[in-house]
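In terms of this note's numbering, the sequence shown opens at residue 1 and continues consecutively.
These are computed hints drawn from the structure, not numbers from a lab.
Don't take every hint at face value.
[What the hints assert, rightly or not] Straight line, CA to CA, 16 Å or less: simulated EDC-like cross-link-like pairs of lysine to aspartate or glutamate:
# : residue 1 : residue 2
1 : Lys122    : Glu66
2 : Lys80     : Asp154
3 : Lys122    : Asp30
4 : Lys164    : Asp154
5 : Lys50     : Asp30
6 : Lys164    : Asp112
7 : Lys164    : Asp119
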Amino acid sequence: MKAYYEKQEQQKPDRNEEFLQRLSSVDRGDLAVLKRNAGNTIAESRGAMKAFYNILPYGIADSPNEEVFFIVATLYGHNKYHFDGDFGLTMKRLKERAGSESIDSRMAALLDSEFDIVDGFKPGGGELAYRIRQCVKLAGSHEIGVDWLRLLQDLKFWNNPEKKVQKRWARSYFGYGKPAENNDQSINKEVKV
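Please put together the full structure from these sequences, using the hints given.
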């Protein structure tokens, strides 16, 4: 099992960037179809396969990460802002801006959520797809962005038994440190969606 995660870490990041570049160039109609399928697996989707497989880089289809790419594709249109940092920082910034303590419970539920297993081996769908969709949409409604490349990479490792991604997001959100709003490395700019 450890070898699987090490192999995933060695995957060339250019496929991730290529995917996000293609996703940013999707026409409005295809983007709307993808958005309507947020929270679904590929098999549950309605009309999204054409748009999704047109942007999916070679070698990703039928891989263990295929459903993760689909989740990101369906979420992308729900948030047109970019933010540098992991999703824990996105949520921390959301809490600071919204001033709502209910964000804590949303974040805790997100950290505890899991992917379902699709086709016997692919992580996808499940409670995680539902929770992340809620959070991405809520952040977008408050003009808080998402680091899409980092989210894509993090979701690939969500099922790691050591829960490294969840721990990092929890430290970013619940830990003490600079407020996300004042983080010099964070930017929140609108991107073409």
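Evaluated hints:
1. Between the alpha carbons of Lys122 and Glu66 the distance comes to roughly 7 Å, so the proposed pair stays at or under 16 Å and holds.
2. The suggested pairing of Lys80 with Asp154 is violated, with an alpha-carbon distance near 19 Å, which exceeds 16 Å.
3. The hinted pair formed by Lys122 and Asp30 fails the criterion: a straight-line CA distance of about 24 Å is larger than 16 Å.
4. Proposed proximity of Lys164 and Asp154 is supported: the alpha carbons are some 9 Å apart, at most 16 Å.
5. For the suggested pair Lys50 and Asp30, the alpha carbons sit about 8 Å apart, so the restraint of at most 16 Å is met.
6. A C-alpha spacing of about 13 Å is found between Lys164 and Asp112, which places the hinted pair at or below 16 Å, so the restraint holds.
7. A hinted pair counts as satisfied when its Cα atoms are at most 16 Å apart, and Lys164 with Asp119 does not qualify at roughly 25 Å.
Going down the numbered hints, you'll see the structure goes against 2, 3 and 7, while the others check out.
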